[in-house]
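Using the hints, position chain F against chain G.
There are 2 protein chains.
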Amino acid sequence: MKLRELGEDRLLARLLPSLPIHKGVIAGAGEDCAVVEKPRGNKLLLLKTDCVVEKIHFALKTNPVWIGWKAMMRPLSDFAAVSGLPQFALITLIVPAQRSSDWVKRVYRGLNRAAARFDVSIVGGETSSTRGPAIISVSVSGFVERNRFVARKGGKAGDDLFVTGRLGGSLRQKHLRFVPRIKESRWLTQNFSVHAMIDLSDGLGADLPRLARASKVGFNIDNDSLPLNPGVDIDNAISDGEDYELLFAISPRDRNRLQKEWRNKFPKLPLTHIGCLTQPLNGSTSQLLPGGYVHFK
Amino acid sequence: MKLRELGEDRLLARLLPSLPIHKGVIAGAGEDCAVVEKPRGNKLLLLKTDCVVEKIHFALKTNPVWIGWKAMMRPLSDFAAVSGLPQFALITLIVPAQRSSDWVKRVYRGLNRAAARFDVSIVGGETSSTRGPAIISVSVSGFVERNRFVARKGGKAGDDLFVTGRLGGSLRQKHLRFVPRIKESRWLTQNFSVHAMIDLSDGLGADLPRLARASKVGFNIDNDSLPLNPGVDIDNAISDGEDYELLFAISPRDRNRLQKEWRNKFPKLPLTHIGCLTQPLNGSTSQLLPGGYVHFK
Numbered sequence: 001m002k003l004r005e006l007g008e009d010r011l012l013a014r015l016l017p018s019l020p021i022h023k024g025v026i027a028g029a030g031e032d033c034a035v036v037e038k039p040r041g042n043k044l045l046l047l048k049t050d051c052v053v054e055k056i057h058f059a060l061k062t063n064p065v066w067i068g069w070k071a072m073m074r075p076l077s078d079f080a081a082v083s084g085l086p087q088f089a090l091i092t093l094i095v096p097a098q099r100s101s102d103w104v105k106r107v108y109r110g111l112n113r114a115a116a117r118f119d120v121s122i123v124g125g126e127t128s129s130t131r132g133p134a135i136i137s138v139s140v141s142g143f144v145e146r147n148r149f150v151a152r153k154g155g156k157a158g159d160d161l162f163v164t165g166r167l168g169g170s171l172r173q174k175h176l177r178f179v180p181r182i183k184e185s186r187w188l189t190q191n192f193s194v195h196a197m198i199d200l201s202d203g204l205g206a207d208l209p210r211l212a213r214a215s216k217v218g219f220n221i222d223n224d225s226l227p228l229n230p231g232v233d234i235d236n237a238i239s240d241g242e243d244y245e246l247l248f249a250i251s252p253r254d255r256n257r258l259q260k261e262w263r264n265k266f267p268k269l270p271l272t273h274i275g276c277l278t279q280p281l282n283g284s285t286s287q288l289l290p291g292g293y294v295h296f297k
Numbered sequence: 001m002k003l004r005e006l007g008e009d010r011l012l013a014r015l016l017p018s019l020p021i022h023k024g025v026i027a028g029a030g031e032d033c034a035v036v037e038k039p040r041g042n043k044l045l046l047l048k049t050d051c052v053v054e055k056i057h058f059a060l061k062t063n064p065v066w067i068g069w070k071a072m073m074r075p076l077s078d079f080a081a082v083s084g085l086p087q088f089a090l091i092t093l094i095v096p097a098q099r100s101s102d103w104v105k106r107v108y109r110g111l112n113r114a115a116a117r118f119d120v121s122i123v124g125g126e127t128s129s130t131r132g133p134a135i136i137s138v139s140v141s142g143f144v145e146r147n148r149f150v151a152r153k154g155g156k157a158g159d160d161l162f163v164t165g166r167l168g169g170s171l172r173q174k175h176l177r178f179v180p181r182i183k184e185s186r187w188l189t190q191n192f193s194v195h196a197m198i199d200l201s202d203g204l205g206a207d208l209p210r211l212a213r214a215s216k217v218g219f220n221i222d223n224d225s226l227p228l229n230p231g232v233d234i235d236n237a238i239s240d241g242e243d244y245e246l247l248f249a250i251s252p253r254d255r256n257r258l259q260k261e262w263r264n265k266f267p268k269l270p271l272t273h274i275g276c277l278t279q280p281l282n283g284s285t286s287q288l289l290p291g292g293y294v295h296f297k
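Keeping their order, the protein sequence lines are chains G and F.
Mind the numbering: the first sequence is residues 1 to 297 in the numbering used here, read in order.
Mind the numbering: the second sequence is residues 1 to 297 in the numbering used here, read in order.
Calculated directly from the structure, the hints in this document are not laboratory data.
Please read these numbers as outputs of a predicted model, since none were measured by experiment.
It cannot be assumed that every hint is accurate.
Selected chain F positions facing chain G (Cβ under 8 angstroms, derived; list incomplete) [claimed, not checked]:
no.: 1; residue: V25
no.: 2; residue: I26
no.: 3; residue: A27
no.: 4; residue: K55
no.: 5; residue: I56
no.: 6; residue: D78
no.: 7; residue: A81
no.: 8; residue: F88
no.: 9; residue: R131
no.: 10; residue: I135
no.: 11; residue: F149
no.: 12; residue: D199
Using N, Cα and C, we set each Cβ at its ideal position, and we do this for glycine too.
Bound-form chain G, shown alone (with noise of 0.2 angstroms):
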């Protein structure tokens, strides 16, 4: 059935009962704002939105649920990224009126999928009809307590750099079916001081740059040492975007121990020692790295 035969009351009634809700949660969808406890003891609070849009983010011929599951991890990887939870999740579902209730559902379960794996609760959203292109945004509050949160500022020169995983070639499916590394980064700041950190979401080129500025310092790259995907070359590794992995940087004093402790925990995925921050020179970064995927271009 097209959704402009089911109309927005119709729709949500199915899609309501299958999404995921955890503790916490006084009011979800159906209200006019959802309504939610605040976490309890010294942690602050954790805001991020992000969106997908079709014939950018992901093709027409999608699948659905991938779909879901895209728009859902990519704002939990800013969670990585600054080592918090995330907690509650509301939806914006805008959707040609002649696109079928069943890609609404498959989207939906997607989104449901990837909510449920990190114990986020959907608490709310909104439908809309659009004459252009689908697109779901997602948008997200979590917490983080107050000594674990990790900013891109706070690198140090001298510090290492370490990336999670491997680089380049996400298109080709890593980019519909990645995996936010909260685990990780969750792990990393209950065992280490993280100075800095971000998530690897428009490319090396264009995030380790971010970094920087944030930090004011400069940073020096042994290209040759970046963990490839197979088939990807250094470019690929720099510039292609959408890995989804972390960037941190952390004392070199800790690099032995983080090494060794990181392959006990997680002896499948790579961390590897990339370069370093430097002094800054002149206020810019010391090497330049191709561009990241650079929206509008």
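Below, chain F alone, put in the same frame as chain G:
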């Protein structure tokens, strides 16, 4: 200059300095997540997201400042509906690459003005290009005191139904320039026991049945009592939508005091007794109204 030529980082660099930022913001736009202080005391968190879509909620030729204003005020109207206070907003801007950066700047001027009106900080956001119509999605978090949260449910048979302001004809101008009834809603819950409340976004004909269904009661409206905007008829008042006025249920014992104190407090804004909630008839609502605006139709 077109967005295509400007690029995302430079666009953000132009927009960020003018964003309204109030207390409680630890890290705003520019970090991977916004980081904010949680509310103190016995409060609940409120989360809401909403969007405006070109050709659906605004026209290509609409003044971009009013587009931004409307995009911010729509979710804030939902805070009014539950008697909450909004605090932090995230903006998602999805715009064709050939759109001018001046258009975006003017949209942000409207977003900023609307946020500042209610002391809301804009703490982050996301930009993406699209091959379709422009979309502005705004998600807002805030709080409500635990004993002042008003839901759609909670209305009782016999309750009086009141609406603020006047209904109908919103498309002429009000749908772009309305001010959410946050101040009025906060005053109501400070001084009265409001049983159930909703903001009229889809029209009385759609929103009143939602309140009644959630409260498991029927309703009875005196159509001739409806407060009409100039030049509209009763059908407009019921079906046009986008009134962004409050509809609420309150004990008839409070009627006289409410009407008197309201006139003193808000002399320029009508408050109209339009009917009452009734016993449910076979679990359905007791009076059929013409439908309000139905999405996807």
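Results of checking the hints against the structure:
With a cut of 8 angstroms, the hint placing V25(F) at the interface with chain G is violated, because the nearest CB-to-CB distance is about 10 angstroms. Using the Cβ-Cβ criterion of 8 angstroms, the hint placing I26(F) at the interface with chain G is satisfied: the shortest such distance is roughly 6 angstroms. For A27(F), the shortest C-beta to C-beta distance to chain G is roughly 6 angstroms, which falls under 8 angstroms, so the interface hint holds. For K55(F), the shortest C-beta to C-beta distance to chain G is roughly 5 angstroms, which falls under 8 angstroms, so the interface hint holds.
Because the closest C-beta pair between I56(F) and chain G is about 6 angstroms apart, less than 8 angstroms, the hint holds. Annotation: interface hint on D78(F) holds; nearest CB of chain G at approximately 4 angstroms, less than 8 angstroms. A least Cβ separation of about 4 angstroms between A81(F) and chain G falls short of the 8 angstroms threshold, and the interface hint therefore holds. The beta carbon of F88(F) comes within 6 angstroms of a beta carbon in chain G, closer than 8 angstroms, and the hint placing it at the interface holds.
The beta carbon of R131(F) is positioned within 8 angstroms of a beta carbon in chain G (closest approach about 5 angstroms), and the interface hint is therefore held. Hint status for I135(F) relative to chain G: holds, with the closest Cβ pair at about 6 angstroms, below 8 angstroms. With a cut of 8 angstroms, the hint placing F149(F) at the interface with chain G holds, because the nearest CB-to-CB distance is about 6 angstroms. With a least beta-carbon distance of about 6 angstroms to chain G, the hint placing D199(F) at the interface is held under the 8 angstroms criterion.
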